[in-house]
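Work the whole structure out from these sequences, hints included.
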Amino acid sequence: MIKFIWKRILISIPVLLGVILITFIMLNVVPGDPIALMMREHIKPDVVARVRAQMHLDDPAYIRFFRYVWDAMHGDFGTSYKLMRPVSELLYKAFPNTLVLTLSAAFVAWIVGIPAGILSAVKKYSFIDNFFMGFALMGVSMPVFWAGLLMQYIFSLKLGWLPVSGFNGWKYVIMPAIVLGWSSAGIVARLTRSSLLEVMRNDYIRTARAKGLQEIFVLFGHALKNSLLPVVTVMAIQVATLLSGAVITESIFGVPGIGRITVSAIQSRDMPLLQGAVVFTTFLVIIGNIIADVLYSYLDPRIKYN
Amino acid sequence: MIKLEDKQMLSDQELSEKADLSGDTFLNELWYAIRKNKMAMAGGIVIILLILIALFASYISPYDPYHVDLDMQLQKPSAEHWLGTDEFGRDLLTRIMFGTRISLAIGLIPTILSLFIGTILGMVSGYYGKRTDFIIMRIADVVLAFPELLLAMVIMYTLGANILNIFIALSLVRWARVARVVRAQTMSIKEKEYVEASRAIGVKNWIIMFRHILPNCLSSLIVLFTLDIPNAILSEASLSFLGIGAQPPAASWGLMISRGKEYLFSAPWVAISPGIAILLIVLAFNYLGDGLRDALDPYMKQ
Amino acid sequence: MYKKHLLLVLAVIFAFSFIFTGCSNKAEEAGNQAANPDMMLKVALIVEPPTADVQLTTEEYGIPLNCFDRLVEAETIEPGKSDLVPGLAEKWDISADGLVYTFHLRKGVKFHNGEEFKADDVLYTFDRMLDPATKALNTDFLDMIAGAKDRMDGKADSVSGLKVIDDYTIEITLEKPFAPFLANIATPAGSIYNRKATTAAGTDFGLKPELTIGTGPFVFKSWTLNDQMLIVSNKDYFKGAPKLEGVIFKIVPDPETQRMQFETGELDVFDCDNARSQIPYFEGSEKWKAHIVSGPRVGLHYYCINESIKPLDDVRVRKALQMAIDRETLLEKLFYGKGIIANGIMPIGLVGHNPGLEKISYDPVKAKALLAEAGYPDGFSMVISQITDRPASLKMNEAIQSMLAEVGIKLEIQQMDSASWFATRLEGKLPSYYSDWSADFNDPDNFMYTFFYANNSVARSFNYNNQEVSDKLVSARAMTVPEERYKLYQELERQIVLEDAAWIPLFSLDHLFVVQPKVKNFQVSWNGWSNMPYKGITIEP
Chain A
16 MIKFIWKRIL ISIPVLLGVI LITFIMLNVV PGDPIALMMR EHIKPDVVAR VRAQMHLDDP
76 AYIRFFRYVW DAMHGDFGTS YKLMRPVSEL LYKAFPNTLV LTLSAAFVAW IVGIPAGILS
136 AVKKYSFIDN FFMGFALMGV SMPVFWAGLL MQYIFSLKLG WLPVSGFNGW KYVIMPAIVL
196 GWSSAGIVAR LTRSSLLEVM RNDYIRTARA KGLQEIFVLF GHALKNSLLP VVTVMAIQVA
256 TLLSGAVITE SIFGVPGIGR ITVSAIQSRD MPLLQGAVVF TTFLVIIGNI IADVLYSYLD
316 PRIKYN
Chain B
805 MIKLEDKQML SDQELSEKAD LSGDTFLNEL WYAIRKNKMA MAGGIVIILL ILIALFASYI
865 SPYDPYHVDL DMQLQKPSAE HWLGTDEFGR DLLTRIMFGT RISLAIGLIP TILSLFIGTI
925 LGMVSGYYGK RTDFIIMRIA DVVLAFPELL LAMVIMYTLG ANILNIFIAL SLVRWARVAR
985 VVRAQTMSIK EKEYVEASRA IGVKNWIIMF RHILPNCLSS LIVLFTLDIP NAILSEASLS
1045 FLGIGAQPPA ASWGLMISRG KEYLFSAPWV AISPGIAILL IVLAFNYLGD GLRDALDPYM
1105 KQ
Chain C
1212 MYKKHLLLVL AVIFAFSFIF TGCSNKAEEA GNQAANPDMM LKVALIVEPP TADVQLTTEE
1272 YGIPLNCFDR LVEAETIEPG KSDLVPGLAE KWDISADGLV YTFHLRKGVK FHNGEEFKAD
1332 DVLYTFDRML DPATKALNTD FLDMIAGAKD RMDGKADSVS GLKVIDDYTI EITLEKPFAP
1392 FLANIATPAG SIYNRKATTA AGTDFGLKPE LTIGTGPFVF KSWTLNDQML IVSNKDYFKG
1452 APKLEGVIFK IVPDPETQRM QFETGELDVF DCDNARSQIP YFEGSEKWKA HIVSGPRVGL
1512 HYYCINESIK PLDDVRVRKA LQMAIDRETL LEKLFYGKGI IANGIMPIGL VGHNPGLEKI
1572 SYDPVKAKAL LAEAGYPDGF SMVISQITDR PASLKMNEAI QSMLAEVGIK LEIQQMDSAS
1632 WFATRLEGKL PSYYSDWSAD FNDPDNFMYT FFYANNSVAR SFNYNNQEVS DKLVSARAMT
1692 VPEERYKLYQ ELERQIVLED AAWIPLFSLD HLFVVQPKVK NFQVSWNGWS NMPYKGITIE
1752 P
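Residue numbers (the numbering used here), protein chains in the order written: chain A, 16 to 321; chain B, 805 to 1106; chain C, 1212 to 1752.
The hints are simulated quantities; they were obtained by calculation from the structure and are not laboratory data. Wrong hints could be hidden among the right ones.
Rough simulated footprint, nothing fancy, chain A against chain C, three-plus residues with beta-carbon under 8 Å [said to hold, decoys possible]:
no.: 1; segment: 1266-1275
no.: 2; segment: 1620-1630
no.: 3; segment: 1634-1644
no.: 4; segment: 1662-1670
Below, simulated SDA-like cross-link-like pairs (lysine to any residue); rule was C-alpha separation at most 20 Å, straight line [as the list claims (entries may be wrong)]:
no.: 5; chain 1: C; residue 1: LYS1329; chain 2: C; residue 2: PHE1449
no.: 6; chain 1: C; residue 1: LYS1606; chain 2: B; residue 2: PRO1052
no.: 7; chain 1: B; residue 1: LYS994; chain 2: B; residue 2: TYR931
no.: 8; chain 1: A; residue 1: LYS139; chain 2: B; residue 2: ASP1098
no.: 9; chain 1: A; residue 1: LYS139; chain 2: B; residue 2: MET843
no.: 10; chain 1: B; residue 1: LYS880; chain 2: B; residue 2: LYS1065
no.: 11; chain 1: C; residue 1: LYS1360; chain 2: C; residue 2: PRO1343
no.: 12; chain 1: C; residue 1: LYS1521; chain 2: C; residue 2: GLY1619
no.: 13; chain 1: C; residue 1: LYS1544; chain 2: C; residue 2: ASP1721
no.: 14; chain 1: B; residue 1: LYS842; chain 2: A; residue 2: MET153
no.: 15; chain 1: C; residue 1: LYS1366; chain 2: A; residue 2: ARG65
no.: 16; chain 1: C; residue 1: LYS1346; chain 2: A; residue 2: ASP74
no.: 17; chain 1: C; residue 1: LYS1530; chain 2: C; residue 2: ASN1677
no.: 18; chain 1: A; residue 1: LYS97; chain 2: C; residue 2: PRO1261
no.: 19; chain 1: C; residue 1: LYS1366; chain 2: C; residue 2: ALA1344
no.: 20; chain 1: A; residue 1: LYS97; chain 2: B; residue 2: THR962
no.: 21; chain 1: A; residue 1: LYS139; chain 2: B; residue 2: ILE838
no.: 22; chain 1: A; residue 1: LYS108; chain 2: C; residue 2: GLU1259
no.: 23; chain 1: A; residue 1: LYS139; chain 2: B; residue 2: LEU834
no.: 24; chain 1: A; residue 1: LYS97; chain 2: C; residue 2: GLY1413
no.: 25; chain 1: C; residue 1: LYS1318; chain 2: C; residue 2: ILE1376
no.: 26; chain 1: C; residue 1: LYS1419; chain 2: A; residue 2: GLY93
no.: 27; chain 1: C; residue 1: LYS1461; chain 2: A; residue 2: SER279
no.: 28; chain 1: C; residue 1: LYS1346; chain 2: A; residue 2: GLY93
no.: 29; chain 1: C; residue 1: LYS1606; chain 2: B; residue 2: ASP873
no.: 30; chain 1: B; residue 1: LYS1065; chain 2: A; residue 2: GLN282
no.: 31; chain 1: C; residue 1: LYS1500; chain 2: C; residue 2: ASP1721
no.: 32; chain 1: C; residue 1: LYS1570; chain 2: C; residue 2: ARG1705
no.: 33; chain 1: B; residue 1: LYS934; chain 2: A; residue 2: VAL30
no.: 34; chain 1: B; residue 1: LYS840; chain 2: A; residue 2: ASP144
Remember, predicted model here, so these are calculated numbers, not experimental data. The beta carbon of each residue, even a glycine, is placed where N, CA and C say it ideally should be.
And the structure:
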């Protein structure tokens, strides 16, 4: 098992390097002088030239790339052009907020999705089934930002129950978590339902039933265990989707997390910050995928990875 | 409780019918299939309607989508403006109609493009193997490591924010998954006897790829196609919402929502109606896709 | 079984991390509770400053103007006139050749950390600006000091022109005489830091309030990113503690929100620059009209013409452009008449301003004739570039568009994002544009040299190709006799604006603020900037 984990990590390193390379190429190819943007109206060409040299902005690209990777390995992701603080400091401060949001959303997805899926499977073709599956489809089809705006309109502006934006306590987590988790919940619900149905058709279930076991025990004792397997793996892979979705959710709800940093870095052309945020987010996704793989092999003794 | 001895008399089918308490009877299944089909058909009809709106928007829309009328800012929905007006006095119904063009185009074109690129690369990769395979798959790995929206955002940053670049960005993001799937299928089909036979005869590689391998990938491709269209529409809406997609004064639904959110309290219809449009088109594609995938199911199981 | 464990573990992680963030946020909030918020002036900022370190930012001087002092300060002595008064320096001597400045510093001035202000701090601060490791953006305010270039190029590890004579005397020698030197160091870029505190703070200086130490009337207390900054009054300020308890700078990027917050009392000052369209409302409102404070601005709005783009390289075409614009109407319609037409580069209120400079008349007929003479009887097409999402600029450009159409010029308004706009301008390739400039310091050099010295003219996309003028602008910096100097500047101004038509002056606008009734003694600063010192203001609730 340990060997398996190590191998997965080892394979991921070149992928991460590839990610850094591609990000670096794309972001540094963009024309435009960051110093000009910093100095705005007070532009003075000789100062620009001097500061560019001091910041090594005119070094050949490959030197800058290696310098970036070297610094990154020491935890130095450069300094934000706009906020003038170390990128790592900004990311470090923002990460817990994104983590809370993502975990809350995952929590919502589980709490809502799995029971919904189970109920739908058990009460197949009933109104409950149709309702939940419709709900799930809505979650997948609705633009996250629009759902967020709707919730803000209803729960903040009209009803005044919840705060519009910010991140200062549990009340602020509710709407973003629901908005972010809704589509995940939808996917989880649909998957749980179909997976459970699939398993329930199996022979050993029929045997259990034929043995005279009550339906409940059939469900929880046998069927659930195996049907949840694909759901668990999908959940772990959902890390990527949740992190992507967090970008928008954080922007609407003013959550000071990595997603919002990414968006404002793009809007202010803050290349070092954007680079750091993208690399960091992708790093998290890669870790998430490794955890997913490990979980999967851990939970299903039939799978042997070598 | 049914006694064990009695059970041995019953056939498998009857047993499952009696023992299965989840209502999985023939009638229920039929009803479900018809309803699913109906939803899929409804989805299809909606899409056709939207295509018609997109094509004939200039003729059927009541106003010019870019016409600014500062006296009519933020008007409530009324007889003159069925959906109201936005902060520049532009008619919302018109802008939503014109937005259909953008959404449909973004839904279809990048998806087709990425399918095209991904299929070719996937087939080449799976067929020729070795170094070609290694290189292409490593690149695909890196592309797939990025969360989709994030990669699209970075590409938009590099290329600049406008609608044309969204096409490019979305195509570049999605080809990798297609390539992976096609590669896997290619590799399994490649081993089949009739393919080996063809090669032995001396049939050219690309003919083999297009005659034998491609048709077998078709069902997976159709599945990917139906899944990707709604995704692409949502991605463009998200990018435009964040300000890094379509630029004003384009009539992109995502952009309209982003502009409208400032007036959420005073004029909620500005932000809400484009969202309903997005929901509608994505639901339609999802229902249609669901139906298509179900219809293909027996083929997939082959 | 395992799945249940997993769920539990995840739930625990989730609960912990969330309590954690909840706690840390509460702590920050508590720290922001100030002594008495009612005696604090609440103002809004559209843009959050990147840092309070003046050496690293060229704009956003709200904090530095209030938390730091300079050797010399610029102050309004009467409306439209300002002068340089002693700041941290009590008096100064200038040598006859204009090269050596000896500053006699005030004794007993304390920094916010209790350290006494000494000449060594001045040495440290100016050296820090010129130190290549700082990567300072405002070096041009000090680069005329002898030895500055070597220091900036890394060839020396100290500045030869900076000499500490004793604890309260410092002698600064310049490379060449530089008439505006005193005015230069009176700008925010000349703010004085404490050697001990600033070295200890390292890269956190200007970012962490508790490490950002100055001598000013206010102490930088706290900064919540994207939210607000707080400065509190310095009871030991050497010119007397301010009556205000402090100032809260709220970051409110949206002008609509600012106005709403002002109306509900959440803000004490509303800067009408942020929403000029509101001026008639405030002037007409019974509630507010008595609380509008207005002051002249030492600055002007202008149009830049990029001479490298045909047919703007033809002086007749440029003159036609000048004459095709009805500046009176623009001032009246877009700015409610709150200003005065500008005819040159040096605005009213600046020393060297030429009140006798001939007006550019609004004459579309003559403009058309000139265009015909230049070979464009039916006009031509040109592009004006602006940054996206700037409704005020768009209004101006659209108004110009219709005026130019009258003489047959088809104007296309091109919008681009700010990064591209500034980068393209630096390359000299930006199509013509509308902008404004207000004085950093009270000297013609701050206007003339900034725009028309050859390198600067390219970096601002004027591409004004007159080497003689450029050379004269350089030599004017070193002239020591004021009258001769100003005369030279006025000649150059006439050359640039009237003969070469390289610049389209528009107007100098007054700066209007609306204040809450309880705010007293609010005055517009000498140059009319939005960033201003607040120490003279009082609140009477």
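These are the hints, each one checked on the structure:
1. 1266-1275: Coverage by chain A holds here, the residue count being 4 at a Cβ distance below 8 Å.
2. 1620-1630: holds (count 3)
3. 1634-1644: Coverage by chain A holds here, the residue count being 3 at a Cβ distance below 8 Å.
4. 1662-1670: holds (count 4)
5. C:LYS1329 x C:PHE1449: 14 Å, holds
6. C:LYS1606 x B:PRO1052: Satisfied, since the Cα-Cα distance of roughly 16 Å is no more than 20 Å.
7. B:LYS994 x B:TYR931: 7 Å, holds
8. A:LYS139 x B:ASP1098: 17 Å, holds
9. A:LYS139 x B:MET843: Holds, at roughly 17 Å.
10. B:LYS880 x B:LYS1065: 15 Å, holds
11. C:LYS1360 x C:PRO1343: 10 Å, holds
12. C:LYS1521 x C:GLY1619: 16 Å, holds
13. C:LYS1544 x C:ASP1721: Judged against 20 Å, a Cα distance of about 15 Å means the pair holds.
14. B:LYS842 x A:MET153: Holds, because 17 Å separates the two Cα atoms, which is no more than 20 Å.
15. C:LYS1366 x A:ARG65: Cα-Cα ~14 Å, so holds.
16. C:LYS1346 x A:ASP74: 16 Å, holds
17. C:LYS1530 x C:ASN1677: 17 Å, holds
18. A:LYS97 x C:PRO1261: Satisfied, since the Cα-Cα distance of roughly 6 Å is no more than 20 Å.
19. C:LYS1366 x C:ALA1344: 13 Å, holds
20. A:LYS97 x B:THR962: Within the cut-off at roughly 18 Å; holds.
21. A:LYS139 x B:ILE838: Judged against 20 Å, a Cα distance of about 15 Å means the pair holds.
22. A:LYS108 x C:GLU1259: Measuring from Cα to Cα gives roughly 19 Å; hence the hint holds.
23. A:LYS139 x B:LEU834: 13 Å, holds
24. A:LYS97 x C:GLY1413: 18 Å, holds
25. C:LYS1318 x C:ILE1376: This hinted pair holds, its Cα atoms lying about 15 Å apart.
26. C:LYS1419 x A:GLY93: It holds: about 18 Å lies between the C-alpha atoms, which stays within 20 Å.
27. C:LYS1461 x A:SER279: Holds - the C-alpha atoms of A:SER279 and C:LYS1461 are around 19 Å apart, at most 20 Å.
28. C:LYS1346 x A:GLY93: Holds - the C-alpha atoms of A:GLY93 and C:LYS1346 are around 14 Å apart, at most 20 Å.
29. C:LYS1606 x B:ASP873: 15 Å, holds
30. B:LYS1065 x A:GLN282: With a Cα-Cα distance of about 18 Å, the restraint between B:LYS1065 and A:GLN282 holds, given a limit of 20 Å.
31. C:LYS1500 x C:ASP1721: 16 Å, holds
32. C:LYS1570 x C:ARG1705: OK: C:LYS1570 and C:ARG1705 at ~11 Å, within 20 Å.
33. B:LYS934 x A:VAL30: 19 Å, holds
34. B:LYS840 x A:ASP144: 13 Å, holds
This entry satisfies every hint, going by the numbered hints stated previously.
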